[in-house]
Amino acid sequence: MIEVERVSKYFGPIPAVREVTFRVNPGEILGFLGPNGAGKTTTMRILTGFYPPTGGSVRVAGLDVFENSLAVRKKIGYLPENVPLYGEMTVRDFLFFAADIKGVGKAKRNEDVGRVMEVCRIEAVAGRYIKKLSKGFRQRVGLAQALVGDPEVLILDEPTIGLDPRQINEIRSLIRSFAGEKTVILSTHILPEASMTCQRVVIINQGVVVAEDTPENLGARLSGGRRIKARIEGPADQVLAALKRLSGVRAVTSGDGAGSYLLEVEEEIRPQLAAAVCKSGWDLYEMVQVSATLEDVFLNLVTEEKTEVQDHA
Amino acid sequence: MRNFWTIFKRELRVYFTSPIAYAIMVIFLVAAGYFFYNSLAYYSLLSFQAMRNPYLENLNLVDMVLSPLFGNISVVMLLMVPVLTMRLWSEEKKSGTLELLFSYPVRDIEVLLGKYCAALAVFMIMVGLTGFYQLVLWALGQSAPGVALSGYLGMLLLGAAFIALGVFVSSLTENQIVAAAVSFGVLLLFWVIGWSASTVEAPLGRVFEYLSLVKHLVNFAKGVIDTADVVYYLVMIFFFLFLTMRSLESKRWRG
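Here the protein sequences come in this chain order: A and B. Position 166 (the first sequence) corresponds to 206 in my numbering; numbering is contiguous. Position 84 (the second sequence) corresponds to 1083 in my numbering; numbering is contiguous.
Worth flagging that the hints you see were computed from the coordinates, not collected in a lab. Each residue gets a CB set at the ideal place from its N, CA and C atoms; glycine is no exception. Hints may contain errors.
Cβ-Cβ distance ranges computed for the label pairs, FRET-style [stated by the list, open to error]: (1) B/W1194 <-> A/K148: 37 to 47 Å; (2) B/A1227 <-> A/E192: 53 to 63 Å; (3) A/A164 <-> B/S1017: 16 to 26 Å.
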């Protein structure tokens, strides 16, 4: 549905996005993940045709966003970062304006605006001026204007930023409910958000795509198996040797010296570990299995990139 | 065309749901009313004297009241138009709604013309309200409808050119105060550039004189519609609207 081919954008000599390539399939929810300033917003602006790319091409439903800008924009619902809205209009007037400009047509306009207000639950504030609304309502009005006209593609730039936890959950479940019927790109710098809402994640850092996969695969890829963190009190060299002897242990590293150890293991060995520690008469204070989260993948990728850049310099 | 109307209606509505239009109109009408009253009062005073003084025979309404009225109104416009146009792009740039607006399936030119015509509509309503003065003159048995119509056509063209310039300047900055100040400065420059005509050497002096916004209004205010003047204003309007289009485009390339 969305094909981004080697897209670059330079502001003067400064690259904001370099050779970004990814695809979004119809009905898929794609998370666009990266730290602040990674080039997420720039990429989104290129997708909506607001910025022409310096190089590369973007196609939405087979149409180039630069050549067929108007046709593409008809298919897109966009929620810009920080939700800029016309504060001096009431919610209903603003949504009517959005419907008019998206060409919804007089006959269907009432119905369509009613539908999005219901979906986003903003009927209660329909007659209020947007500038008087709370952040949560503004966000929902922003989402509502993106949904007006029932576009096939939704581009949402940080849709949950600045909301309280309950509102975040509401927005996330709303977005999840689009799965299958709309193609969604959602940018965020919050990792759990991507793993909770999205079917696939593209990680971008310093303008370059550093990874692209499902949240689960990305987690598995990094951890390369299980890890166990244990805190054992006993003579350090003996403990280390005993741990290494256990079958199924690939490697052991001693932690900060306060009796903590990190084991890379191939299978579940926690019962054997506990038994071995007890048999030797040492004390076992703590034992947890750590699995790599998206957070680890992310930090790992982002740090890798940083060292690489420093090497070049 | 449909999008043009949507933008036009929204912009016009913003003018009238915010205090902008009312503030500008009230100040404008008070100032214009004062000018009108003053020149009319002076005219009637001289008319009484003329009955006793044969040298004042050539006294007439157009020279004494109408021409100065249009001249004075245009000075007030010089101050008011920048305030009218300053928000058109600057506000949207600052609040970020410009990005939202251009994510909708709407052409740049439709947005530009919608905004431009909304400002022009406010201007026309404002100047149109001074039509009341013509009724006063008519009631006094002193009307000169031909000159009045030509004068209003001149005002319309002048205002349209002012607004085109203001719209362009507003597209250059996200700060409304800067937009207003620069528009005012540039308009003032176009206003007084004709003064150099007599001090600068011939070819350049003629150019300065031709560029002067005032000079072209003088004929209209006297009841003379010269195509050269009409063309001058139309060229100004198209030139600045064209520059605005380029400014919007370049903004996107540069980010």
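Results for each hint:
1. For B/W1194 and A/K148, the Cβ-Cβ distance of about 59 Å falls outside the hinted range of 37 to 47 Å, so the restraint is violated.
2. One distance hint, 53 to 63 Å for the beta-carbon pair B/A1227 and A/E192, holds here, with the actual separation near 54 Å.
3. A hinted range of 16 to 26 Å holds for the C-beta pair A/A164 and B/S1017, which are about 25 Å apart.
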